[in-house]
Amino acid sequence: MRSLLYIIILAALAGCGTVSSQRKAIDDACDMMSSNPHEAFDRLCAMDVSEFSDSATMARWALAYSEALVANNLQAPSDTIINIAVDYYSAHADKSAFLKATMLRDSIESSPATANNALLKALYVQKEREYSLYRERMTRKNLTLIAIIALLAACYVISRQRSRLRRQQARQAALMAEASALRESLSCGRQQYTDMETSLHRLLGERFDLIGRLCDTYYETRGTTVERKALTQQVVQEISSLKNDSSTFESIEQTINRCRGNLLKTLKEECPDIRPDDYTLMTYLACGFSSRTISLLTGVEIDTLYKRKSRLRSRLKAIDPPHMSEFSAIF
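Anchor point for the sequence shown: position 291 equals 290 in numbering that gives the first Met the number 0, and the numbering is continuous, going up by one each time.
The set of hints was computed from the structure by calculation and includes no laboratory data.
Treat the hints with care, since some could be wrong.
Unchecked claim - Okay, the calculated beta carbon distance ranges per label pair:
1) V156 / N35: 12 to 20 Å
2) A328 / R159: 28 to 36 Å
3) A176 / S250: 38 to 46 Å
4) D302 / M323: 24 to 32 Å
5) I318 / E249: 22 to 30 Å
6) L118 / N35: 16 to 24 Å
7) A45 / L151: 37 to 45 Å
8) R139 / N35: 21 to 29 Å
9) K316 / Q253: 21 to 29 Å
10) R159 / E135: 17 to 25 Å
To be verified - Listed below are the simulated DSBU-like cross-link pairs for lysine-lysine, each with C-alpha atoms no more than 30 Å apart in a straight line:
11) K94 / K23
12) K267 / K316
13) K99 / K23
14) K316 / K264
15) K306 / K316
16) K120 / K99
17) K140 / K94
18) K264 / K306
19) K23 / K120
20) K306 / K267
21) K308 / K267
Model, not experiment: these values are computed from the prediction.
Ideal Cβ positions, reconstructed from N, Cα and C, are used throughout, including at glycine.
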């Protein structure tokens, strides 16, 4: 497309040079119109009208040719040529040139017949043919120009569409990459949670499963009938054993740090003044224990536990540690 544009520019420059030479030749003929009208007429007749490059040059020639006819007292066979100038200057609102052209047309129509009428008619008809050839050539030129402009417009539209398509593809690729990264992140997060869950189950084994189930059962049935007293006592013993087993709590801490990116270690570093009870609560929350289970493991009533969770969250927000979003996720 760039090469085509260069060709158009070169053609335009060449056309400008041709127009300048044609207009200079017409101006030279006009300059000698008063001193040597016969020579001026011969020069204007010698010009090949079919090779003119634009309608302005054609109109100037038609006006000068008609003026030469009048200067030489020649009668034109028709008003075809002078009408070229009249129509052009009328359309372009050139009042002085239009007035001159209309006056020349009147003079040509009223001038007497001459002895060289046959020769003049032949020359005049030749110029009319050349003018017809000029119009045909200009029509082809205009059609070619329209085709070139349409081609350039089509190339521009195609280029814009391709550019837009490339941008859309780039955005889609970026979105796909972001989605892939998000899937990997979610997969990694799920894998970490699964690893932590597996490690905790492996750590506590069947005892941990039993404690979890019995804690929920005990919470729902405590203080009821005597028949369930033995079960309650067994649950209390199991819970007390777990509460008092410091090695089990340490193992839970290690598992959480390993599977959740050193969450508890980061909590201690960013909140060094956290109270032991709040740290224990955060540990159990990070394990995914239910509120009932945490209530029994900590010996805190569930209503009080909810309040403690709310106060703990508020205190963490007030401190606003760097990993606050990760701490909030476990509540």
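Do the hints match the structure? See the list:
{"no.": "1", "hint": "V156 / N35: 12 to 20 Å", "in the structure": "57 Å, violated"}
{"no.": "2", "hint": "A328 / R159: 28 to 36 Å", "in the structure": "46 Å, violated"}
{"no.": "3", "hint": "A176 / S250: 38 to 46 Å", "in the structure": "39 Å, holds"}
{"no.": "4", "hint": "D302 / M323: 24 to 32 Å", "in the structure": "26 Å, holds"}
{"no.": "5", "hint": "I318 / E249: 22 to 30 Å", "in the structure": "25 Å, holds"}
{"no.": "6", "hint": "L118 / N35: 16 to 24 Å", "in the structure": "19 Å, holds"}
{"no.": "7", "hint": "A45 / L151: 37 to 45 Å", "in the structure": "38 Å, holds"}
{"no.": "8", "hint": "R139 / N35: 21 to 29 Å", "in the structure": "37 Å, violated"}
{"no.": "9", "hint": "K316 / Q253: 21 to 29 Å", "in the structure": "28 Å, holds"}
{"no.": "10", "hint": "R159 / E135: 17 to 25 Å", "in the structure": "36 Å, violated"}
{"no.": "11", "hint": "K94 / K23", "in the structure": "23 Å, holds"}
{"no.": "12", "hint": "K267 / K316", "in the structure": "15 Å, holds"}
{"no.": "13", "hint": "K99 / K23", "in the structure": "20 Å, holds"}
{"no.": "14", "hint": "K316 / K264", "in the structure": "18 Å, holds"}
{"no.": "15", "hint": "K306 / K316", "in the structure": "15 Å, holds"}
{"no.": "16", "hint": "K120 / K99", "in the structure": "23 Å, holds"}
{"no.": "17", "hint": "K140 / K94", "in the structure": "29 Å, holds"}
{"no.": "18", "hint": "K264 / K306", "in the structure": "25 Å, holds"}
{"no.": "19", "hint": "K23 / K120", "in the structure": "27 Å, holds"}
{"no.": "20", "hint": "K306 / K267", "in the structure": "22 Å, holds"}
{"no.": "21", "hint": "K308 / K267", "in the structure": "17 Å, holds"}
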